[in-house]
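J.: What follows is the residue order along each chain.
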Amino acid sequence: MAIKNAEVMHQIEEMLHDLKKRDKQQYNIIFSLLNEVFVEYNTGKSKSVEKKLYEMIDAEVRYRTQKN
Amino acid sequence: MLKLDIEHKKIDDMIIRRIEVENFLSYFGKNIFEFDFGPTLIIGQNNTGKSKLFDAFNWVLFDRSFKTEGEKWECTKDWGKDIVNNLAKKECKIGETVETSVSILFNDEDDIKYYLTREFQLKKNNEKNWEIPRNSELTLTITESITGNSKNYYDKEAEEQIKTLFPENLSKYFLFQGESISQIMSLTSRSAFTKALTDLSRIEVFENAKKYTEKVAKTLKKEFEDKEDSDMAFQARKRDLSKTIQDLIKDLSDQNDLFDNACNERDIAKIVFDEKSEELKKYEECALILKDIEYFDSQWKQKNELRQSVVEAQKKDIFDRWMYAGTEGILKSFLDFYKKNKIDKKIPEPIRQEFLKEMLEEKKCKVCFTPAPIGSDEYKNIQSHISDKSLDKEIELINQLSLVADNMQDKVENISSELQKYYARIDEIDTSIKGFMNKKKLKEEELKTVKPADVSDDELKTKDFAHLQRGYEESKNDLDKFKLLIDRITGKREYIKQQLEDKQKEYDSLIEDSSNIVERDKFILAEKINKNVSQFHAVFLAKLITDIEKEANIYFHKMTEKNAALSGKVKVDYENQEVYTIDETDIRLQNINQANKVSLQIAFVAAILSVSNKFWNTYFPFIADAPISALGGNNKLTAVETMIEIFNQSIIILKDDAVTDDPDTLRNDLIRNLIQNDNNIRNSFELKMEGDTLDEQHTKIVKLK
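Taken in sequence, the protein lines are chains A and B. Reminder that position 53 of the first sequence reads as 53 in the working numbering, one-by-one numbering, no gaps. Reminder that position 527 of the second sequence reads as 527 in the working numbering, one-by-one numbering, no gaps.
If you are wondering where the hints come from, they were derived from the structure by calculation, not from laboratory data. Each hint should be verified, as a subset may be incorrect.
Below are the BS3-like pairs computed for lysine-lysine, each with C-alpha atoms no more than 27 Å apart in a straight line [as the list claims (entries may be wrong)]: (1) B:Lys227 with B:Lys531; (2) A:Lys51 with B:Lys211; (3) A:Lys24 with B:Lys505; (4) B:Lys332 with A:Lys21; (5) B:Lys614 with B:Lys543; (6) A:Lys67 with B:Lys614; (7) B:Lys151 with A:Lys67; (8) A:Lys24 with B:Lys211; (9) A:Lys52 with B:Lys151; (10) B:Lys218 with B:Lys411; (11) B:Lys30 with B:Lys93; (12) B:Lys210 with A:Lys45; (13) A:Lys20 with B:Lys210; (14) B:Lys543 with B:Lys505; (15) A:Lys51 with B:Lys113; (16) A:Lys47 with B:Lys30; (17) B:Lys569 with B:Lys543; (18) B:Lys113 with B:Lys72.
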């Protein structure tokens with residue numbers, strides 16, 4: 001049976017609880033990354049996870065730079 | 001950080017509702033098994049179609065069935081017409097087709113129904129010739145219960161859909177063939193252990209995530225390093241440090257490879273060492289016993305030889321003296337007579353002839369000193385002694401006889417006591433001989449109990465024990481050598497890691513002054529993400545192992561608690577990639593028996609499925625064929641009860657231990673009682689074989705519950 005994302009992501013969220021407190025942005029990126037990886041695993045189709053990761057990191061850094 | 005929820009949630013998840021088996025192997029016509037949530041037990045004697053039902057599940061899902069002749073799984077193409085039931089083929093008319101099919105109906109928690117059918121049709125050209133298609137055909141219909149909408153998939157597309165629902169790499173765990181358990185879950189093979197864990201825990205998902213973050217971090221770091229900094233000196237320093245770090249990473253990677261190779265070599269050496277130890281132990285005991293047998297045998301021979309020599313030595317003497325046994329009385333009488341007459345001077349001393357001549361010459365008796373002139377009576381008397389030698393002779397003989405009799409008397413008197421001594425000595429030797437013979441026999445009996453069953457007496461006698469010992473020593477040396485190598489590499493790795501850490505800190509401190517802020521921040525963030533994902537992966541794995549061990553112990557304890565001979569706790573040794581049992585002091589238990597081994601393997605697989613399923617919130621139905629064929633009695637019962645408890649839906653196919661025409665055994669059969677009394681078991685079937693000839697035999701289903 002394919003992995004059910006909602007339940008699993010809830011468990012992952014609990015596992016990353018500490019990180020969420022320390023660094024929410026990083027947590028968001030990792031959470032999104034894992035979600036994408038699960039979808040890719042479930043469907044067996046590439047979800048360009050690597051590209052999305054680059055984009056998320058790039059967006060976060062540019063946001064921080066502008067903020068500063 | 002990690003909190004795996006291991007509360008057992010009973011959810012109405014994927015449930016197999018029905019399997020329809022038509023003209024497939026031993027099943028003639030259409031045969032239907034209905035299932036429900038919870039356990040279904042299917043029992044049957046040998047060759048009643050139990051494994052064929054298990055094959056039906058495999059065939060419909062994965063196009064494979066187990067062929068006994070080649071002892072391997074084969075697809076329809078390889079089976080050909082043999083996959084079709086014999087009676088169905090027999091009854092098929094010439095020119096007509098016979099259809100073989102297996103269908104399963106299952107639904108998931110959203111009540112989406114899946115109806116999967118695999119079909120195979122043969123056309124009978126004549127009694128010996130069939131038209132056989134290359135492959136079977138697969139159809140999957142997916143229906144939404146609420147809307148009634150349905151969609152059909154065929155062949156390849158249907159296979160793709162099934163793979164997402166039932167991943168083939170996990171199939172051997174939820175489509176569980178008990179007699180292949182040692183291949184599925186070897187308790188000592190690193191690769192089997194890793195595969196089981198990887199397959200069942202689906203840790204691949206996190207490993208994929210780690211791969212992405214590693215790659216992205218590496219790429220962003222390269223971008224940062226390639227971009228020239230405005231300060232040339234800084235740029236040069238950055239490059240140098242980066243290169244040093246890369247070299248250290250490469251060194252570490254090389255050491256890691258060496259470490260892995262050394263571990264593999266060590267594992268191989270360990271297998272060899274274990275084999276040699278086992279073999280040596282097997283024969284060591286025999287060697288000691290054989291040594292004793294040899295000793296007792298040689299002692300027995302020596303004693304026999306001693307007996308022989310004692311008999312020979314005494315024979316002549318005893319025999320010779322025996323002749324005189326009984327003469328004691330006569331000798332005594334003679335000697336008494338002689339002594340008395342000697343004392344009474346009735347036996348004169350023998351007179352030498354020369355002495356007589358001297359007397360004649362001297363003309364006097366030298367005994368009484370009476371003169372004896374020539375012609376006198378005394379002279380004539382002396383002369384008469386010279387001529388009458390017979391008297392001298394007689395007296396000489398009498399005196400000699402007395403000497404002989406004297407000697408003989410001693411010996412004759414001692415015959416009786418010497419005979420007794422002789423017999424006592426012989427008895428002593430005989431006792432010793434018997435003693436050694438008995439000891440030898442006892443040792444020979446002992447040898448029979450310790451001798452390996454597959455070794456003949458001749459083989460044992462010619463076994464070179466010294467060679468075995470040498471083999472053992474060599475394998476131990478090899479193992480120690482690899483252990484030492486691993487220790488050395490570990491030391492070196494630690495050293496490189498420390499250097500790497502130091503250089504990394506230096507680098508991190510340096511790049512704070514870089515003018516390429518965006519590139520720098522991107523790669524730093526990417527590295528942090530990578531580190532967190534790796535840590536997350538490592539912590540997840542550690543927690544997984546702990547939970548698996550905990551669950552495995554619960555299941556193992558349940559399966560073994562009623563059997564005093566089974567013992568220990570389950571230890572999942574991730575570092576060494578092994579699963580074994582330990583005692584109260586955490587010492588590994590050696591030489592576990594078959595029942596223990598089977599219980600351990602089932603407990604481990606069940607624990608992985610259970611923990612993995614709880615985390616991923618998916619529940620495969622557990623379909624098991626002869627999962628516990630090595631167990632009997634109460635062990636079997638507790639194993640079945642444990643499996644029923646672990647899985648939301650289980651279809652367990654078991655050999656029927658009861659002789660079905662005997663009411664007593666039926667009444668007392670543990671599994672039948674379980675079926676009868678356990679309300680959780682809503683469905684149960686018994687399989688029987690009908691038909692007189694091989695062509696006509698087919699499985700008959702009897703619903704027990």
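J.: Of the hints stated earlier, which fail here?
T.: Hints 4, 6, 7, 9, 10, 14, 15, 16 and 18 are the ones this structure does not satisfy, whereas the remaining hints hold.
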